[in-house]
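A.B. asks: For reference, the chains in residue letters:
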Amino acid sequence: MRPTEPGHAAHAERPRAEPSRTAAFTRRALIKAALAASVAPAIFIPRRAKATPLDALRNRARHVLILNAAGGLRTAALFNADAATAHNPYGRALTPGASEWQPGALLEAPAFPLTTFSRAPAALPSAAALSGDIAILAGVDHQPGGPALVDHQQAAQALAAITTPEGTAGLLTLIHRHHAAYATKSVALPPIAIGASPFASATAAFAGHRPLELRSAEVLKGRSTSAAPATRASWMLDHQQQRDRRFADRHGPDLQRELDARSAAKLAARSYGAQLRNPALDLLAAPDAELGGLTNHQLLEALGAVAPSTSRWGLETAFALRCFQLGIPAATVTRELFDTHSDERDTFPEDAADLARQISGIHFLLHQLRDENNIPLWDSTVVLVVSEFGRDNTDPLTGFNFGGGSDHRGTPASRNQCWPIFGGPLAKRGCRIGRLDPETLQTIDRPSIPVGAVMATVLALLGIDPAPHYSHPPLVELFA
Amino acid sequence: MRRWVESPPLAAPVPSALPTIVLTRTLLAGLWSSVAACSSPEHQVGEQSAFDRAVFAALAKDGLTPARADEAELCTRLYVDALGVRPSRAQLEAECAGHPLEDVVAALTARDEFRWEQRRRFADRFQYNDAMIDRASIRALDELVDRLYRGELGYRDFAIETLAHPGFVGRFLGYSDGREDTVAEAAFTAFLGRPATAAEAEDLEILWSPWRARFVDPATLPPGDLSRYASPLIDPYACEAEAHACVSTILGVAALEFPRDGRSGLLDLDQLTAADWAALRAPGSLLVDQPTFWEAAADEVLRRYFGWDFGAALPEAREALSAELRENGGDLRALERTVMLSAAYAFAAAPAASDSAGDRAPRYARGPTKLLTPEAWLKSAAAFTGAPRGDCDFRFPNQPDSELGDPWFRATARAMGGCPGAFDDATAQTSKRVSVPGIEESVAQDEAALALCSELPPPDERDTRETLIERALENAFARPATPDEIAALTTAATTGCADCTHHQLSTDLCIGLLGGVEYAAY
Numbered sequence: 001m002r003p004t005e006p007g008h009a010a011h012a013e014r015p016r017a018e019p020s021r022t023a024a025f026t027r028r029a030l031i032k033a034a035l036a037a038s039v040a041p042a043i044f045i046p047r048r049a050k051a052t053p054l055d056a057l058r059n060r061a062r063h064v065l066i067l068n069a070a071g072g073l074r075t076a077a078l079f080n081a082d083a084a085t086a087h088n089p090y091g092r093a094l095t096p097g098a099s100e101w102q103p104g105a106l107l108e109a110p111a112f113p114l115t116t117f118s119r120a121p122a123a124l125p126s127a128a129a130l131s132g133d134i135a136i137l138a139g140v141d142h143q144p145g146g147p148a149l150v151d152h153q154q155a156a157q158a159l160a161a162i163t164t165p166e167g168t169a170g171l172l173t174l175i176h177r178h179h180a181a182y183a184t185k186s187v188a189l190p191p192i193a194i195g196a197s198p199f200a201s202a203t204a205a206f207a208g209h210r211p212l213e214l215r216s217a218e219v220l221k222g223r224s225t226s227a228a229p230a231t232r233a234s235w236m237l238d239h240q241q242q243r244d245r246r247f248a249d250r251h252g253p254d255l256q257r258e259l260d261a262r263s264a265a266k267l268a269a270r271s272y273g274a275q276l277r278n279p280a281l282d283l284l285a286a287p288d289a290e291l292g293g294l295t296n297h298q299l300l301e302a303l304g305a306v307a308p309s310t311s312r313w314g315l316e317t318a319f320a321l322r323c324f325q326l327g328i329p330a331a332t333v334t335r336e337l338f339d340t341h342s343d344e345r346d347t348f349p350e351d352a353a354d355l356a357r358q359i360s361g362i363h364f365l366l367h368q369l370r371d372e373n374n375i376p377l378w379d380s381t382v383v384l385v386v387s388e389f390g391r392d393n394t395d396p397l398t399g400f401n402f403g404g405g406s407d408h409r410g411t412p413a414s415r416n417q418c419w420p421i422f423g424g425p426l427a428k429r430g431c432r433i434g435r436l437d438p439e440t441l442q443t444i445d446r447p448s449i450p451v452g453a454v455m456a457t458v459l460a461l462l463g464i465d466p467a468p469h470y471s472h473p474p475l476v477e478l479f480a
Numbered sequence: 001m002r003r004w005v006e007s008p009p010l011a012a013p014v015p016s017a018l019p020t021i022v023l024t025r026t027l028l029a030g031l032w033s034s035v036a037a038c039s040s041p042e043h044q045v046g047e048q049s050a051f052d053r054a055v056f057a058a059l060a061k062d063g064l065t066p067a068r069a070d071e072a073e074l075c076t077r078l079y080v081d082a083l084g085v086r087p088s089r090a091q092l093e094a095e096c097a098g099h100p101l102e103d104v105v106a107a108l109t110a111r112d113e114f115r116w117e118q119r120r121r122f123a124d125r126f127q128y129n130d131a132m133i134d135r136a137s138i139r140a141l142d143e144l145v146d147r148l149y150r151g152e153l154g155y156r157d158f159a160i161e162t163l164a165h166p167g168f169v170g171r172f173l174g175y176s177d178g179r180e181d182t183v184a185e186a187a188f189t190a191f192l193g194r195p196a197t198a199a200e201a202e203d204l205e206i207l208w209s210p211w212r213a214r215f216v217d218p219a220t221l222p223p224g225d226l227s228r229y230a231s232p233l234i235d236p237y238a239c240e241a242e243a244h245a246c247v248s249t250i251l252g253v254a255a256l257e258f259p260r261d262g263r264s265g266l267l268d269l270d271q272l273t274a275a276d277w278a279a280l281r282a283p284g285s286l287l288v289d290q291p292t293f294w295e296a297a298a299d300e301v302l303r304r305y306f307g308w309d310f311g312a313a314l315p316e317a318r319e320a321l322s323a324e325l326r327e328n329g330g331d332l333r334a335l336e337r338t339v340m341l342s343a344a345y346a347f348a349a350a351p352a353a354s355d356s357a358g359d360r361a362p363r364y365a366r367g368p369t370k371l372l373t374p375e376a377w378l379k380s381a382a383a384f385t386g387a388p389r390g391d392c393d394f395r396f397p398n399q400p401d402s403e404l405g406d407p408w409f410r411a412t413a414r415a416m417g418g419c420p421g422a423f424d425d426a427t428a429q430t431s432k433r434v435s436v437p438g439i440e441e442s443v444a445q446d447e448a449a450l451a452l453c454s455e456l457p458p459p460d461e462r463d464t465r466e467t468l469i470e471r472a473l474e475n476a477f478a479r480p481a482t483p484d485e486i487a488a489l490t491t492a493a494t495t496g497c498a499d500c501t502h503h504q505l506s507t508d509l510c511i512g513l514l515g516g517v518e519y520a521a522y
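In the order they appear, the protein sequences are chains A and B. Anchor point for the first sequence: position 452 equals 452 in our numbering, and the numbering is continuous, going up by one each time. Anchor point for the second sequence: position 381 equals 381 in our numbering, and the numbering is continuous, going up by one each time.
Next comes chain B alone, as it looks inside the complex:
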């Protein structure tokens, strides 16, 4: 740890001419204060986290001292992970560069956009689909997620509530067209990080047996409205059919004991009593007591911020995070801050030229590189061109008129493999998020780049072509352009765009830079 902090500040292969690379040790100490705890006394700010200790213990065994990311790399990483959009150079310099990392992370995670992005991630995790459950239930579940990220609810209670929430359970109930109940399978995937075995699914599905899907007659809906399921109903006598009908034993004995009070027929959710809800929480209470519950949460956070199965490669690090989550009352937001403030998160993504381990170094010795989601790419590209285009409403993927911004955004993001949940009535299939973009998604992205870049305002004709090029690079990557980059692009433009006007040059630069993998990766 001491060697890492006292090592030359920049070992990453960053172009040497960048003026902002001249990070003094004081500035660097300020930026890395949260991870410098074990180093020189003047920079002791806070304790090193258990997560950091686990990572550095592994690195020490391997004899590795990874390089730190430079400001542009780390700030961009933080911005995209927290807010779902690349920062501009102005934002980066005003809000991140030169600021203590703790302050930067605190400010980012306090913003509404941070909670919006986490709600989007849970929308994917819970597979929101307003063609399969009513919008009010989805909205309520989304508000539960928001409470989690406001710190109003611990993760354990959040899980119990979710597994007895119509927005979650209703999504996975069987329907009249032959689909089976798959609530147990969804619960395992969402909270235990693995599929349920056939035996587990069959055993635990019993605990959701009182829930009933409620179909809405399409004739009563406006044309094109696919929201064909209302809030589910509850059958209070579902467990009466035979003795032990609602008892699960495979993960521990749990019984769904619904109060018997002479009620008949199916019940609306607003007719349920506190005792009813307590009974419906039985499956959630069972799952949160599993030892893997906290590990799965830690794994999910690690995958989100590192982009790969970090926990499997370094179980000690996963254990450190899961213990922290357990002991901090299930404060998921605090856990994510721990990761964002960690040394591992701040490592440079590309090995240094002087890095003797090179390609042989384990993946946790490098900072994360991930691809922008289609939504993040679109928001970033729209910001680059100065014409924000809204977002897609992840809560209601099938709502005919999106509540948010530009319908073009939703259609384009969907074509690029994002904004999942679109229900195809003809095939009964729901669109999923594309994790590895293929040709179709690339074509859509190219077309989106063309559309957005075509709206770039004309540049100042007094600027030189080199200035246009330099500005385009800086705007795209939120860092100063190097003389080599400018020279290479100027040469290419001289050959390929010799007769271009300034406006054409700007537009072409935009199309090329936004369309590259370098822009899509962070």
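Just chain A, with the same shape it has in the complex:
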């Protein structure tokens, strides 16, 4: 900050004067600056001296991982466990971490032993014990003040995608379209969606920015050792691209977009083919492949994907973390496991424990894994657990419906979800943003948090201006 620039003397909230420069002020310059400052605020205020709340958020993260616990996760039982029995029949964790929020007993699964790490605890701490590192967004609602969404498809769509006159775009599609890394081509692989979800929606004008969708990381099993077709007939493939261009141009605009999307996928496939052959992504067939300090087998163990554990998430979560090591900015993992209208008592504890294992494992691995600059991924990664709605319609005494499950009828209990969020970029951890009435799960103290605000936050964290896509401002309070 140079002393001759107007306005500095008046902006004491950003004191940046250095002793040597202060000493170098002449009296003349100082008087001149003071005179200018007395006039300047009315006509000129240097932009850089006034930070917006969004600045605290922008580019805070290089990676965002969204665990989509689809089907309607009973979030109150896990992440707001001081709710009434109607909402949490499973109890509270006995030894939670130091947090404002109360973890549920199901997050306090038995310790997960680790045998493949030489310098690590013998077992992973439970997700409940890590609550001090996790913030909770309490009262996340699709349409605060509007009608409840109770249909899975509608709610999933509203969670993960936006619809505009240009077409429909999932969050990952928006990231693929607007993230600086893709504009500068510094990252080859697109965002990744593992498991089908609207996070990967891409129609009409967005079709060319579809993320990479994988049913499971298992489809890449053995790919690291198979022959690469991209090295064959490249001259003919280039020629065919020109033929395809002419073919698409001959058709009407509605078909051109579809044909272009198909061409774009082909082009991307040839570009990504080599990337997808990375042994670090061949988690099942290349267990000893190492990247950033850990082998594939170690990742799978930490996430419960090595026998005798039978995690339904572990393989996919491990794949997402490997993708981050390769520079991909965003990934979603979707598991359709939580629509427990009946027999929830039998199924939910196991699936919740698996989800808890992912939280513990991710927390551990982000501290262990390093990016291309040898910096722990923890410093640059934000993790979020979401679902399309919560659950309700339960007996206040038992916490279940007549079928031993729960439903999603649109009451506050299913509208107002509690989403955990954690990672190094968070400035506030262990806190709870928003509060819910323990009996009704209605919001108290502050209005519901729109889902759009959370998704806007994800975009802003990655350096993308969310304003053109979401009407709700991002949540800066966790990062300021």
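Be careful, since some hints might not be right.
[Said to hold, decoys possible] Calculated cross-link-like contacts (lysine to aspartate or glutamate; reagent style EDC-like; alpha-carbon spacing at most 20 Å):
1. LYS432/B - GLU185/B
2. LYS432/B - GLU218/A
3. LYS428/A - GLU372/A
4. LYS432/B - GLU336/A
5. LYS428/A - ASP55/A
6. LYS221/A - ASP425/B
7. LYS221/A - ASP424/B
8. LYS428/A - ASP351/A
Keep in mind the hints are simulated off the structure, nothing from the lab.
Assemble the complex: chain A is given as a structure, and chain B must be docked to it using the hints.
C.D. replies: Showing chain B alone in chain A's frame:
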């Protein structure tokens, strides 16, 4: 209509040097006989269909006279839609080019492959999954579809039977792992072309309440066999719990009145009487009486042959088809023939250079362009390379050993987004057909092209490179290659494949052509 028929035969942007483009008006009149009814007297063959009249009325309002597709385009379209595979040039010339269109369509729709493709489409529509219902029930339902396409069953009766068939109902029953009954939702989607509202689903599910899923102990199954549900059972007293327990009112009053005869316990399907089955058909009888039942059938046929929501853009055309289906006794095969013989189906897909409307023309003024399904692409590519690879058995997507052909076909088609229904035990998810191929599917297709093209037999070394190129183009697109195409590809090969042997050149041509969007579209 007269202007369209009397217009110059070729307005499509087809390369001018094609010898087969010299279609005389006589040949053209023969090919288009079924749509020339209102034109010159010497070419009157049959009446113009109500569907055609509706389309031309709309075109007249817009002042449009679309161009006709050339033979290669239309014959390829017919072959793929009817038989699920691209024709070779030899097949096209022997069985389609120069033949009256009615004869071509009649021959195609009489073939076993036509019924196989329609059965595959119904497999998608009914979401066959042998991990959720026994194979015998699926087989029986598939045979019902076959009867529909043999003309042995009308569409209305077919729907009623299906909605009381274990192969359909059993697929959507709730199970012990917490899944709800979704039979009503599936019925709406399958036969009314729309999702049921929550109120409709809740109200109508009652009519399927006697059905019970029957789980099979996995320990009794061979390893890897995912067929864990046997044929459903029927609870004859499901409606006894309270008065009006099995009455639906939302689409009209319908009651499931199961005969009471002192039977106890759950019944196997083969223990049911004719009266029992009549009762179980209540929900189907209700749905087929909905006004949208026939419209949904027409819409489905239009989407299948045109690839987009034609009926929504031109409701009069949809109404014409639905009326025809209603009045012809529900003969779905005849309805599909009407579409295949229609003028709209025969329009050129790409607007002509001289077409003043250009991009502004409505979509029904152009012929359809669709993408090959993964199964159709694989079958076509395998035929191109001279090594047929079978198909996937859409009835039993989880059967460990496919009853048909090459397991490679199923695995590859699945990786490309086809052959749906694979059940993942770890995630409890079932693979769905991918409607818009993404990167993963493209990678799989590229690998399949490499694998298939690597098996091409070596060409005759006496042929010139231009001959190899010309032959590859003709084989891929079932039409003569133009001099411009040959020249462009020859130049590319001279630069990129200068030192290639004939075999390498052939293989590279194969990989490139099969991998293009142009080959995947028809």
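A.B. asks: Is LYS432/B within 20 Å of GLU336/A, Cα to Cα?
C.D. replies: 14 Å, holds
A.B. asks: Starting from LYS221/A, check that the Cα of ASP424/B is at most 20 Å away, please.
C.D. replies: The given pair, whose Cα atoms are some 15 Å apart, holds under the 20 Å limit.
A.B. asks: Need the status of pair LYS432/B, GLU218/A: alpha-carbon distance at most 20 Å?
C.D. replies: 17 Å, holds
A.B. asks: Mind checking the alpha carbons of LYS428/A and GLU372/A for me, to see if they're no more than 20 Å apart?
C.D. replies: At roughly 27 Å apart (the allowed maximum being 20 Å), GLU372/A and LYS428/A break the hint.
A.B. asks: Given the hint that LYS428/A pairs with ASP351/A, does the C-alpha gap stay at or below 20 Å?
C.D. replies: With a Cα-Cα distance of about 28 Å, the restraint between LYS428/A and ASP351/A is violated, given a limit of 20 Å.
A.B. asks: Keeping to a limit of 20 Å between CA atoms, is the pair of LYS221/A and ASP425/B held or broken?
C.D. replies: Given pair LYS221/A, ASP425/B holds - Cα atoms ~17 Å apart, limit 20 Å.
A.B. asks: Decide if the proposed pair is consistent with the structure: LYS432/B and GLU185/B, CA atoms, cutoff 20 Å inclusive.
C.D. replies: 17 Å, holds
A.B. asks: Holds or violated: are the alpha carbons of LYS428/A and ASP55/A at most 20 Å from each other?
C.D. replies: 16 Å, holds
Against the hints set out earlier in the document, violations occur for numbers 3 and 8.
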